[in-house]
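Next come the chains, spelled out residue by residue.
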Amino acid sequence: MCLVVGIGNRYRGDDGAGWRVVEALEGVLPKGMLLKVRGELTELLDLLQKEKRLFVIDACIGEGEGWERIDLLKEGALLNVPLTSTHGFSLKEAIELAKELGQVPSKLMLFAIYAKNLLPSEGLSESVVRSVDEVKRALLQEEEIQACMR
Amino acid sequence: MTKKRDDSSEREMKVKAGLKSRTLKVDYLARVEGEGAMYIKTEKGKVVDVQLNIFEPPRFFEAFLRSRELTEAPDITARICGICPVAYQISSVNAMEQGLGIELPYHVEKLRRLMYCGEWIESHTLHVLMLHAPDFLGCLDVVQLTKEHKEMVLRGLKLKKAGNKLIDIIAGREIHPINMRVGGFYSMPSKASLKKLIEPFKEARDYALDIVKWVAGFEFPHLEREYEFVSTYHEEEYPFAKGRIRSSSGLDIAASEYDERFKEEHVEHSTALHCTMVGKGAYLCGPMARYNLAGHLLSPLVQEAITSIGFEKKCINPFRSIIVRALEVLYACDEALRILEEYDWERLPAYQPLHFKNVVGYGVSEAPRGLLYHRYRINDKGLIEDAKIVAPTTQNQKCIEEDLFEFVSANQHLSDEELTWKCEQAIRNYDPCISCSTHFLKLQRVCG
Numbered sequence: 001m002c003l004v005v006g007i008g009n010r011y012r013g014d015d016g017a018g019w020r021v022v023e024a025l026e027g028v029l030p031k032g033m034l035l036k037v038r039g040e041l042t043e044l045l046d047l048l049q050k051e052k053r054l055f056v057i058d059a060c061i062g063e064g065e066g067w068e069r070i071d072l073l074k075e076g077a078l079l080n081v082p083l084t085s086t087h088g089f090s091l092k093e094a095i096e097l098a099k100e101l102g103q104v105p106s107k108l109m110l111f112a113i114y115a116k117n118l119l120p121s122e123g124l125s126e127s128v129v130r131s132v133d134e135v136k137r138a139l140l141q142e143e144e145i146q147a148c149m150r
Numbered sequence: 001m002t003k004k005r006d007d008s009s010e011r012e013m014k015v016k017a018g019l020k021s022r023t024l025k026v027d028y029l030a031r032v033e034g035e036g037a038m039y040i041k042t043e044k045g046k047v048v049d050v051q052l053n054i055f056e057p058p059r060f061f062e063a064f065l066r067s068r069e070l071t072e073a074p075d076i077t078a079r080i081c082g083i084c085p086v087a088y089q090i091s092s093v094n095a096m097e098q099g100l101g102i103e104l105p106y107h108v109e110k111l112r113r114l115m116y117c118g119e120w121i122e123s124h125t126l127h128v129l130m131l132h133a134p135d136f137l138g139c140l141d142v143v144q145l146t147k148e149h150k151e152m153v154l155r156g157l158k159l160k161k162a163g164n165k166l167i168d169i170i171a172g173r174e175i176h177p178i179n180m181r182v183g184g185f186y187s188m189p190s191k192a193s194l195k196k197l198i199e200p201f202k203e204a205r206d207y208a209l210d211i212v213k214w215v216a217g218f219e220f221p222h223l224e225r226e227y228e229f230v231s232t233y234h235e236e237e238y239p240f241a242k243g244r245i246r247s248s249s250g251l252d253i254a255a256s257e258y259d260e261r262f263k264e265e266h267v268e269h270s271t272a273l274h275c276t277m278v279g280k281g282a283y284l285c286g287p288m289a290r291y292n293l294a295g296h297l298l299s300p301l302v303q304e305a306i307t308s309i310g311f312e313k314k315c316i317n318p319f320r321s322i323i324v325r326a327l328e329v330l331y332a333c334d335e336a337l338r339i340l341e342e343y344d345w346e347r348l349p350a351y352q353p354l355h356f357k358n359v360v361g362y363g364v365s366e367a368p369r370g371l372l373y374h375r376y377r378i379n380d381k382g383l384i385e386d387a388k389i390v391a392p393t394t395q396n397q398k399c400i401e402e403d404l405f406e407f408v409s410a411n412q413h414l415s416d417e418e419l420t421w422k423c424e425q426a427i428r429n430y431d432p433c434i435s436c437s438t439h440f441l442k443l444q445r446v447c448g
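Residue numbers (the numbering used here), protein chains in the order written: chain A, 1 to 150; chain B, 1 to 448.
Same shape as in the complex, but just chain A (with noise of 0.2 Å):
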């Protein structure tokens, strides 16, 4: 089993985009692989812990455009990652401790969408819609989440 999870908070603009995308997935995907986070650091610690394989979609604030897929699990990848928090603890920070912690998935793959606005404030920017749509799309030809389909 894998599991899909969207961290973010719709209230803050493109922070949204993590669950929009999971919400794009609803009626595709089995409930059970679906998940809607905000980021609380022993939430995230426990999905590391517990889960085999994890794809996992948040906003990023960089410089890049779009979005990218982002193996966390490869030597370095953490290093280039562009992610922030409007959740306390990022996801980075997160991962960094359960690797610490010696608790990490076999699979551990990020789709970080660039934002553009993270201010209060509700709906996507232009840009992250198309992301989001691009992502979901993304997401359903990854080999294990096929499999999970089947």
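Simulated from the structure, these hints should not be mistaken for laboratory data. Some hints could be false.
[To be verified] Computed cross-link-like contacts, BS3-like style, restricted to lysine-lysine with a CA-CA straight-line distance of at most 30 Å:
hint: 1; chain 1: A; residue 1: Lys52; chain 2: B; residue 2: Lys150
hint: 2; chain 1: B; residue 1: Lys147; chain 2: A; residue 2: Lys99
hint: 3; chain 1: A; residue 1: Lys31; chain 2: A; residue 2: Lys50
hint: 4; chain 1: B; residue 1: Lys357; chain 2: A; residue 2: Lys99
hint: 5; chain 1: B; residue 1: Lys147; chain 2: A; residue 2: Lys74
hint: 6; chain 1: B; residue 1: Lys213; chain 2: B; residue 2: Lys110
hint: 7; chain 1: A; residue 1: Lys107; chain 2: B; residue 2: Lys150
hint: 8; chain 1: B; residue 1: Lys147; chain 2: A; residue 2: Lys107
hint: 9; chain 1: B; residue 1: Lys388; chain 2: B; residue 2: Lys110
hint: 10; chain 1: A; residue 1: Lys99; chain 2: B; residue 2: Lys213
hint: 11; chain 1: B; residue 1: Lys357; chain 2: B; residue 2: Lys263
hint: 12; chain 1: B; residue 1: Lys110; chain 2: B; residue 2: Lys196
[What the hints assert, rightly or not] Estimated spans, in silico, between C-beta atoms of each pair:
hint: 13; chain 1: A; residue 1: Leu119; chain 2: B; residue 2: Glu346; range: 38 to 46 Å
hint: 14; chain 1: A; residue 1: Leu119; chain 2: B; residue 2: Ser409; range: 33 to 41 Å
hint: 15; chain 1: A; residue 1: Gly62; chain 2: B; residue 2: Gln412; range: 53 to 61 Å
As the structure is a prediction and not an experimental result, all values here were calculated from the model. Glycine included, C-beta positions come from ideal geometry on N, C-alpha and C.
Fit chain B to the known structure of chain A by using the hints.
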């Protein structure tokens, strides 16, 4: 202490040494909740001004509470903070219930206290382990801390989870709980679900004691001040969710007198309000205030821990507040266990009916960071006409500035880098909770 810092700022300082004005920037101070900047001015080697500038964007909670039903207040105000929503809920229901003349039955009062224990455990553990301990051990963050103190971090995470679980069971979810209502709760949790927590909480209490002993062994910078401590006080129990407001200089008032004795004022350098106590000035609320005013009400187990670590009965070094927080976690575990063992109230009424009237209600409770005051004017249709909320960080802000002034004055010999580190640490003594988003601190030191 500074060995693990990037040395780029040090290099920059050497280049600038000797100039009249120096500017240091620390981007993304990752262990303060919120956005702030600090300005320090010295003339002829003396500190003449210290300003902690908090950029707290207006959130308009008090404004949009107007015309809402008073029953909505606990759920709306819980949204003010993801770390201490229970505090906001309890201060709001305390205010409404005081106004409406509702006396809570024993079982509801205890269940609220139990819920508050969960929040203190969550919040204090996060601060002690993840945010503050790295300062004392020369680590940049909890990841570095984990490399050297993995077992303690694991204990902290288990403790935090215990707190989370408690709130989840009582209130439906870990963050922004939803079960509390004016007059009681929407439903009483089942006895079975709470009894399951007894064993994990025994374990959590042991972990909490380990953490007390661990933090008591840290080295603490020297700073001692005679503070005006302010907290709630009730003769029967350590401050949580009921009682009057007391201070170390003898103030003893009901929540309804708060506005007469405490003032909020605008200051030029900050968008946040500063609080003062009339006739006294800055005051300190939070763990140190509770400990100094009501430490004798801590349980025998905690008193034993205090003796075993040789901790002072009167604590006036703010850097040692980390020990007080750890003691409060131990107390919260111990108190939670007492209530969990007693809990047999699932069939008792969860709430009392409300009879609306035109009235002003006042409520206080002890958020992890200190006194949280709510005032509502409500009408006979059950609507809120006016609201005022004063958070602990607002109340402590002036005190933080005074700490910084004292500390910088006494530590001019330190390098900018070392001083910056210590000043950040001094700010973190208060576990300031400014917002739940980006973290940012700039230090600007101007030498005349």
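- prompt: Hint by hint, which ones does this structure get wrong, listed from lowest number up?
  reply: Those not satisfied are hints 4 and 15.
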